[in-house]
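Undergrad: Single-letter residue listing:
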Amino acid sequence: MTENAPASMYRTDEGMGLWEHRGKVAAVGVGHSPTARRWDGRAETCVGAISLIALRRAIEDAGVDPAEIDGLVMDPVTTTGAYWPKDKPVPPEVVGAFNSTDNPLDGIAGLSAEWILKNMPELTGIDFTMYGPGCMSNAICVAAQAVGDGLTHTCLVLKSWHNYEGRYYQGGANAGSDLPGTAALHALWGTPACYGTALQFAEYCRKYGKNHDMMAPFIENSRQNGLKFPEGYWASHRPEEITPEDYKAARWIAKPANLFDNDLPIMVSAAYLYTTAERARNMRQKPVYILNHAASNTRPRSLTPTLDEVEADTARTARKIYEGAGITAADLSFENMYDGFAQFHQFHIEGLGYRGMKFGEALDFYQTDISIHGPNPILPSGGNIGCGRSRFWMHTDSIQQIQERAGERQVTGVKPEIAVSGGPMPLGGRFTVWSATPD
Amino acid sequence: MILISFDIDGTLTVGDPPGILPMEMVRAVKEQGCLVGSCSDRPISAQRAIWASHNIEVDFTVSKHMLPDVKAEFAADVYYHIGDREDLDRRPALEAGFEFLWPHEAVEMPWVEGT
Amino acid sequence: MKQGVVPDDLTRPFWEAANEHRLVIQSCVACKHLQHPPAPVCRVCGSDTVEWKEMSGRGTIYNYGVVHDCPIRLLQEDQPFNVAVVMLAEDPGIQMYSHLPGTPVDEVPVGAEVEVTFEATANGQMVPEWRVVGSSGEGGEQA
Chain H
1 MTENAPASMY RTDEGMGLWE HRGKVAAVGV GHSPTARRWD GRAETCVGAI SLIALRRAIE
61 DAGVDPAEID GLVMDPVTTT GAYWPKDKPV PPEVVGAFNS TDNPLDGIAG LSAEWILKNM
121 PELTGIDFTM YGPGCMSNAI CVAAQAVGDG LTHTCLVLKS WHNYEGRYYQ GGANAGSDLP
181 GTAALHALWG TPACYGTALQ FAEYCRKYGK NHDMMAPFIE NSRQNGLKFP EGYWASHRPE
241 EITPEDYKAA RWIAKPANLF DNDLPIMVSA AYLYTTAERA RNMRQKPVYI LNHAASNTRP
301 RSLTPTLDEV EADTARTARK IYEGAGITAA DLSFENMYDG FAQFHQFHIE GLGYRGMKFG
361 EALDFYQTDI SIHGPNPILP SGGNIGCGRS RFWMHTDSIQ QIQERAGERQ VTGVKPEIAV
421 SGGPMPLGGR FTVWSATPD
Chain Y
1001 MILISFDIDG TLTVGDPPGI LPMEMVRAVK EQGCLVGSCS DRPISAQRAI WASHNIEVDF
1061 TVSKHMLPDV KAEFAADVYY HIGDREDLDR RPALEAGFEF LWPHEAVEMP WVEGT
Chain C
2001 MKQGVVPDDL TRPFWEAANE HRLVIQSCVA CKHLQHPPAP VCRVCGSDTV EWKEMSGRGT
2061 IYNYGVVHDC PIRLLQEDQP FNVAVVMLAE DPGIQMYSHL PGTPVDEVPV GAEVEVTFEA
2121 TANGQMVPEW RVVGSSGEGG EQA
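Same order as they appear, the protein sequences are chains H, Y and C. Counting along the first sequence from 1, when you hit position 321 you're at 321 in our numbering, and nothing is skipped either side. Counting along the second sequence from 1, when you hit position 78 you're at 1078 in our numbering, and nothing is skipped either side. Counting along the third sequence from 1, when you hit position 45 you're at 2045 in our numbering, and nothing is skipped either side.
Source of the hints: derived by calculation from the structure; they are not laboratory data. Watch out, some of these pointers could steer you wrong.
Pulled from the structure, derived: some chain H residues nowhere near chain C, Cβ distances all over 12 Å [to be verified]:
(1) W39
(2) E60
(3) P89
(4) G96
(5) P121
(6) G181
(7) Y195
(8) C205
(9) I253
(10) T276
(11) R299
(12) E323
(13) T328
Cβ-Cβ distance ranges computed for the label pairs, FRET-style [as the list claims (entries may be wrong)]:
(14) G63/H x A2030/C: 57 to 67 Å
(15) F2118/C x E417/H: 53 to 63 Å
(16) L18/H x P2101/C: 54 to 64 Å
(17) C2045/C x S236/H: 45 to 55 Å
(18) A2030/C x G360/H: 48 to 58 Å
(19) P92/H x V2006/C: 48 to 58 Å
(20) A2030/C x H237/H: 50 to 60 Å
(21) A43/H x T1013/Y: 57 to 67 Å
(22) R56/H x A1076/Y: 42 to 52 Å
Ideal Cβ positions, reconstructed from N, Cα and C, are used throughout, including at glycine.
Could you build the full structure based on these sequences and the hints that come with them?
TA: Dropping the structure here:
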């Protein structure tokens, strides 16, 4: 039975010094599945099936014999907010198309390591499996630590998402007539998912004299970069830009957060292959070395994080990132911090002090050249706004930029040597520092 | 004068997900002399691109919450909005003083009798 | 109309007090720390001896957003509506949400004083709500 990674595998505390495995672990393979807005009910497009596609593509990309792979780290939770209805029968033809586990929804509404191994017979050497639940940001921290600790030497990392019919979070308890007492303390007031971030953004605007329109260049840039990400949802299905006019005309979801400050839930899967720096030298792709991983476990004092809590924590996270990697903000070639909701990207990069930025300065920075061709690239992956919700575009892009195979997205105004990516929220995120060299 | 506002996703066949109303129907409505446009969650620039790619000259392209602006800008005897969502189409349409039609009701083009 | 509330073990004292038009917040007997939402133990010192303390029912508006696309079906007919965050007078670190009955949409006076009131939910359970009592806030629309 696969277990969740223990808390000790995340680097959560300040003052831990250089990461003990700095430069000794590398990413060498990337694989993505096709995207879809929602599951169409076919076996070959269920979340399990697209996971197999991503894993096999990552193995192929790395040029590794599957029998050499001895580890698998993944997130067993795949929901975007869509849940399988209690009274809905599980389609037998989908279950029957795979080697199933005891859970009939495995591969349809969730994903176990056991299901993966039953359906990838070529993985004959796996003797280490672990869950890094939350998102890819968590799973890659666990995988990096596991490879560094010698628990596995060649490890697949997987994150997949399923999405079904229906509007976002409008089923289940939200459609019901009452709520349990604990949930009611948060949920009775009907706030959508972006509300907390919108509140922080509102306070940010009041404190620093900024406004919502100043986000427009960031949104436009993110979508432009995302349209250069061929695996992304928007590039492959609906190649639509978001102009500043489009952004400013969009309807509010929770003012001051509008439709385009939110990302689009999709079905998608991605996998990476991690290995030791030594083994990486003989693989097909240029290794991207991991200098550090860092985590935040901070919880807000009460119902929702205040701006003070957010700023204190992003600054603390940056200190952990830099300390463990042995770098400073000046070493960053580019940043790929999370953006799904768009309105906390500025918290992440201000905390990092990216390009010398201080709190309250990011929206002014957005009014300058933040493109992939300038000296100060912002989110070259395009992130969730540019590609759909996966929470992993920024990791894939960081790897590919440093390997100089990001195609049309390749940054040209800076030499891609060191980058940081991670998320999701400022409080509770997981972060990775990537490098072209191990030292 | 009749004004007809079309939602796109889930309503028109070019939508995501596809709806049941073909672009030929929109073209026919336009040729009947109606004021025609789209009111959608798609970026406005994307709405314009869709109409341009089908060579249909529309009178307006607006975001989902902007039906009141359409009514203020265009004088008509009857205003219709056609869409597939209760909360994002029907309710705001009625609040803005539009008649509302689900796509399967619009197939019959019920406004024709009234012209 | 807000959804009904079915009190659970952790929150029953809070909801029972609300039915008596009293606002209570969990407090640690050992270190006096107030916490909301409640928890089985004190989040600061870890003590499992927590009690419920009656509050004055006064506070100030810390922040707000305007909900235009609500996931709760029962509230969708009320859109758009304010959701403010109130800080309690006893401890500004303790937050409560409010629809601010009586305050026009997007005209929320941030920083203004509020006082607690109680409102019935769909199943009759009372819930704390807040009304503006002064006009000392900043006011005005979101940026």
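Undergrad: It remains to establish, for every hint, whether it holds in the given structure.
TA: Structure-based check of all given hints:
1. W39: At about 21 Å from chain C, W39/H clears the 12 Å cut-off, so the statement holds.
2. E60: At roughly 40 Å from the nearest Cβ of chain C, E60/H sits farther out than 12 Å, so the non-interface label holds.
3. P89: holds (25 Å)
4. G96: Non-interface label stands for G96/H: nearest chain C Cβ at 35 Å, farther than 12 Å.
5. P121: P121/H is indeed farther than 12 Å from all Cβ atoms of chain C, at 42 Å.
6. G181: Per Cβ check, G181/H is inside 12 Å of chain C; nearest 4 Å; violated.
7. Y195: Check fails; 5 Å does not lie beyond 12 Å.
8. C205: violated (4 Å)
9. I253: violated (5 Å)
10. T276: Holds, because the least Cβ-Cβ distance between T276/H and chain C comes to about 40 Å, which exceeds 12 Å.
11. R299: violated (8 Å)
12. E323: Nearest chain C Cβ is 27 Å from E323/H, so the label holds.
13. T328: The claim stands: T328/H keeps its Cβ more than 12 Å from every Cβ of chain C (closest is about 33 Å).
14. G63/H x A2030/C: 57 to 67 Å: holds (60 Å)
15. F2118/C x E417/H: 53 to 63 Å: holds (60 Å)
16. L18/H x P2101/C: 54 to 64 Å: holds (55 Å)
17. C2045/C x S236/H: 45 to 55 Å: Holds - the Cβ-Cβ distance for C2045/C and S236/H, about 53 Å, lies within 45 to 55 Å.
18. A2030/C x G360/H: 48 to 58 Å: violated (39 Å)
19. P92/H x V2006/C: 48 to 58 Å: Roughly 36 Å apart at Cβ, these two residues miss the hinted range, so it is violated.
20. A2030/C x H237/H: 50 to 60 Å: Since the Cβ atoms of A2030/C and H237/H sit about 57 Å apart, the hinted range of 50 to 60 Å holds.
21. A43/H x T1013/Y: 57 to 67 Å: Violated - the Cβ-Cβ distance for A43/H and T1013/Y, about 27 Å, lies outside 57 to 67 Å.
22. R56/H x A1076/Y: 42 to 52 Å: violated (57 Å)
Violated hints for the displayed structure, listed by number in ascending order: 6, 7, 8, 9, 11, 18, 19, 21 and 22.
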